[in-house]
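J.: Each chain, written out:
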Amino acid sequence: MTTLGVFNYWVAVVLTMIGLYLVMASDNLVKKLVGLNIFQTAVFLIYITIGKVEGGTAPILKEGFDVYSNPLPHVLILTAIVVAVATTSVGLALVTRIKEEYGSVEEAEMRKQDEE
Amino acid sequence: MISSHLPALQVVLPLISAPVCVLIRKGLVAWMFAVAVSWITFVIALALLVHVVANGPLSYAMGGWAAPYGIVYRIDLLTAFVLIIVAGMGALVTTSAFRVAPGDMSRDHQNFFFGIFLLVLTGLLGITVTGDAFNLYVFLEISSLASYALVALGRDRRALMAAFQYLIMGTIGATFILAGIGLLYAVTGTLNMEDLAQRLQQVDDSRAVKAAFAFIVVGASLKLALFPLHAWLPNAYTHAPALVSAFLAATATKVGVYVLVRFIYTVFGGVFSFETMSLGPILMVFGLCAALVSSLVAIFQENVKRMFAYSSVAQIGYMVLGLSFASHTGLTAAIVHIFNHAAMKGALFLALACAVYRLGSVELSELRGLGRRMPITFACIVIAGLSLIGVPLTGGFVSKWYLVSAALEQDLWLVAAAVLVSSLFAVVYVWRVVEVAYFQSPPDGKGARCEAPASLVIPTVALAVACIYFGIDTEPTVGVARAAANELLASIP
Amino acid sequence: MGLALITPLVGAFLIWICRVDADLRESMSVLAAIVLILLVCSLFPTVASGGRPHLQILEILPGLSLAFELEPLGMLFAAVASILWLVTTIYAIGYMRGHAEKNQTRFYICFAVSLASTIGIAFSGNMFTLFVFYEALTIATYPLVTHAGGEAAKRAGRVYLGILLGTSILFQLLAILWTWGIAGHLDFVPGGILRDQAPPMVIAILFALYVFGVGKAALMPFHRWLPAAMVAPTPVSALLHAVAVVKAGVFTILKISLYIFGIDLLADLGVSQWITYVAAITILVASLVAMTKDNLKARLAYSTISQLSYVVLGATLANSFAVVGGALHVAMHAVAKITLFFCAGAILVASHKTEVSQMQGLGRAMPFTMTAFLIGSLSVIGLPPFGGIWSKWYLALGTLAAGERLVLAALVISSLLNVAYLLPIPIRAFFAPPPGDSKTTEIREAPLACMIAITVTAFACLALFFYPQPLYQLLSPVVNLDGAA
Amino acid sequence: MDPPKGKRLIVDFAVILIPVLLVLTAAALIWLHNLVAVVMLLGFYSLLMAGLWVILDAVDVAFTEAAVGAGITTVLMLAAVGLTGQGERPGQGNVLVALVVVAVTGGALFYALSDLPPFGAADAPAHTHVASRYLGQSMTEAGIPNVVTAVLASYRGYDTLGEVTVIFAAGISVLALFSRRHGDRKN
Amino acid sequence: MHEFAVLRVATKQLLPFIWLFALYVQTHGDYGPGGGFQAGVIFASGFILYGLVYGVGKARRIVQYRVLIILVALGALIFSGVGVWALFAGGNFLEYAVFADDPAAGNHLGIFIIELGVGITVAAVMTAIFFAFTGRSH
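Protein chains in written order, with this note's numbering: chain A, 1 to 116; chain B, 1 to 493; chain C, 1 to 485; chain D, 1 to 187; chain E, 1 to 138.
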């Protein structure tokens, strides 16, 4: 499992980079939000990986188990996921309104329109 | 019984009121309710300040779980000081929202507006008052999410784009902070700020801590719109409804600065921040750039809201510059400026709200003859503008005085000169507005006197008066700021 | 003393109250001026006998308070300003009515507020208070400068505000902060507060910052605002830009030299020497520029720039004679220059002429005005029997005491240049034949109110020649001159 | 209590496979320009992530991620894409700046993560300080065996109140944004 | 969607189970994975499914806009109401321990109620947002 640990962190780093890249390099607003989602989940992955204890199980107390993974990061990330979906839905609502006003969801296109 | 629960009520009151407000169907009732709530919130903030000044820092364990196991509210002088600013601005702005400017925002769903507004207030108060790093993130998101919506309510369709941009940048910033907090948790096992501070001392040469520091500082800088991460701010403030700009300009970025201060001094400690990470020069460079470049950019704006938005970026540069000196004077300057800038920007944007109410737009050309048409509004703009420039006997002078003193203390007199140069830029842009409003004759047929309704004008005047009052009687602001700076610096072992 | 500060403000308020009735409004203005003179004069005996009335209003930050303390220089300045305010008010009534200016209420209010600021400068007991009123004066005079409201006025207003606020914020405020950092307070103390507190290099930089920071002294290269401000109505040019504003500038420099640095310190370190040369150059260059100006007010403005540097010289030469000369020049030049401006205004009102070249033969139509102009010119040049001679005399002594022969030469040359650009005006007015057009014959003297004012100041020029003693005695304790004279 | 061998093999296999798939899925998004496909892929990504979290013992989180990430988010995104159009115009953004920012952020994160306490170490500070009390005492203090719920609702119940407030904020924000019909505002 | 009769029938059969499952997750969060948030999402997905299959217009008629808004606010109020109740019961904000003599029992009660609040708000918000989006196109 140790390889998984290091591996997980690498994955988180790569996902962070991909997510951030999508946010910044995409011109399409929906895709920006997709990137934002990936960026956020990558950070969540870090938390969850931190919370893992070797040989532990899910932190639901049961007879016969005495090693549990850390519940705190799970709690935090539960909250963070909710925050993420809230952000996404507001973002999508904005995108929809933007489409209605501009007729487009491409950033360059809108900038062009506003400059006219 | 109530008095011992004030720290919780400070945040919980607006938090509970937001859903209630949404349930109220009549806009007028919703307004009255929001006004009552925000003023009670302000009174609570005052009571907290009085308490903290008299008895020292205050803690409150949420759910009765003591730190570090539960979430703890902790109020020291700086907290109480920022609470006053946020709650005070909240009270003034809700009051002035009696009739939301026609055309500025849709009139139906006023209850939603007030609900969302109270949520921003809740979030900002929660960020300020909490002593728990993750709880800070949660309330940061409450305030941010609600602010995105408020910005998007602006009349112009560009408000939507501005809000979206704000959402993207704000979320990236918050996620950076989240990542930083995660790293801190990994090496310390705690989320409580004081506990973090203690435990970090044993691991502060760890690379994870250094990276966490970088993430949190960058994240906070995004939130407080530190140059060059400020791109979202001018758009958001320009296109948001004027009242919203007033509230956000006066509070949101200030709370961002507060978060930065909290982390730099309380969590990481001044020694780590300024010696190990040599944060000082970095902040100084960016703060100076912000002050100079944004002031310069502000000069060339034709939309007055955008002009003052850029000026906000510049003023935030001052605060960050104050922090960068890592000295008592510098910190005092930053804290005092948090207050004074809130007063002057609040007054300016509220005055613009008055103008929008009557004129529908705040393009510079629309403000022609404002001096005659809306003399009170215009007087407020002049007073707040003078404070922005830093003319003596205004609040802005006091903060600038401390800022330049802090620079001179360390023989950085080029920095001092740069600060003064940027105030010269402020002279130029403020005077552009004054000139147009004062000398050019009003557009045809619009010469009559037409002040905005009293509910809008009175808060504006109150803030303008505050700009002057706290420039003359500096004891309330400077006294608290100095004591708060003492407290923060004392936490350095 | 507090009353003296408040009087003009109360006056401004009363003017606002009486804004509907022009007569009442203007009599309020006159009344305020008279009360102010009485108040200022009532302080005179105290100060002359060595008293130093003190008044602290509030402390903004530690070592940073609004406080007033009256000493001889301030007394002199306040007296000159308040007396000339009365005269100017009378003059303004005639001028503004004769010229049918609009927004007269605003004009009188700003005028009164400017005066309040000027008195504040004169009375200020520390550098901070002085700075506050210095800025207040700039801002209060801005609406006066841009009174006409046209494009040219706006541009002029921009230059005015830009240079005055710019220099004061950038240099003066920096210097003040620095001084505060070094000395811990900003009080005006005879002998200065900086001795042994900082290395000479710092003192030198500070002094330069102060001198250039006081943009109102119009030391080159920060003189551009003064000609620009000439777009203002003539009473404004007369009182503010020959007396209140510019004299506030040089007064500030005198105060700083005497009470922040102390002339002994300046003399010992020699830090002010190069500024002496800047001042000398300003004197000469401004005089030369004045010769090229055809617009009468512009010519007078450059003349003012030149004359202001006399006072700066007085401060930077850093010896007793020079300081007394400089201080005297504040009064002497004020009276003479205001006479000239009054005449320029009278000419404008009566004949609508602004250019020197148009004024040939005007002496026949307006003999009285032109005679007064001649008197003013002679006083500025420094010829007996007019007051101007005394200040120049002491300044000359000062240059000798400091061993600056080059500067002495500059003074002499400048006086010759004065002759060259001022005297031709009355001479041509009297002796050149009027241009052929018939209009000239219709020109009469300006309104009575104007004439009264002109007469008073012209006589003052004369009186100051015969009775400079009270001024001299008032000033001598400042520099312990009793022995030397 | 070691799990049976067969299950372990599957877990070991999944442990390698899921992260690889995650990266591949995410990377594919960069080059995919049909937004419907992008959204579907994002849903798949969320499912994968949920799987990974099950492996990491975060069952509650995995459950939520599956319901929210793969479920609600996908539905909302599809609805939005339905309203805004499927096509994306590729390659218009500011790629260079993005690459620099991405590289710096990734570098910083890598720099930090490679210095964290060893993965899964039971004596890491993250597990020994606050968390140990939750695991040890929640049964007596909060009376429920699911420690995640205990912490979520009680020890850090205030965070959850914040979370509900966030959802509430999102809800009324969306409704407020949509309160206006198309074309209500002018330029 | 009228052609897909199978889908419609299946959905109708499925819905009770979805909501039942939601209830299970809601109440069972103390013992296994799940809780108010997950339950709320599942509950909302029932409506979403209904809306997708039968058309949003019909779904909206079943759940009125106004009712949704009341529910959105209600959930949040239940949660914070529990906190305030704790204040009146003599504890700190959200201190469930004061609800019963035994702190664990008090906590159990408090957690149950607040999870209910979470569930209500989440379900209502998710449904409302879905309706908002789908109500947009036509």
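Check each hint, because a few of them may be wrong.
[Said to hold, decoys possible] Using C-beta positions, here's what the derived DEER-type ranges look like: (1) B:PRO228 <-> C:GLN273: 44 to 52 Å; (2) C:GLY63 <-> B:ILE458: 34 to 42 Å; (3) B:LEU489 <-> D:ALA27: 42 to 50 Å; (4) E:ASP101 <-> D:VAL11: 44 to 52 Å; (5) B:ILE282 <-> A:PHE65: 45 to 53 Å; (6) C:GLN273 <-> B:ILE458: 53 to 61 Å.
Hints in this document: simulated from the structure, not taken from any laboratory. Beta carbons: idealized from backbone N, C-alpha and C, even for Gly.
J.: Are the hints correct? Go through all of them and say.
T.: Here is how each hint holds up against the structure:
| no. | hint | in the structure |
| --- | --- | --- |
| 1 | B:PRO228 <-> C:GLN273: 44 to 52 Å | 46 Å, holds |
| 2 | C:GLY63 <-> B:ILE458: 34 to 42 Å | 36 Å, holds |
| 3 | B:LEU489 <-> D:ALA27: 42 to 50 Å | 48 Å, holds |
| 4 | E:ASP101 <-> D:VAL11: 44 to 52 Å | 45 Å, holds |
| 5 | B:ILE282 <-> A:PHE65: 45 to 53 Å | 48 Å, holds |
| 6 | C:GLN273 <-> B:ILE458: 53 to 61 Å | 58 Å, holds |
In the structure shown, no violation is registered for any of the earlier numbered hints.
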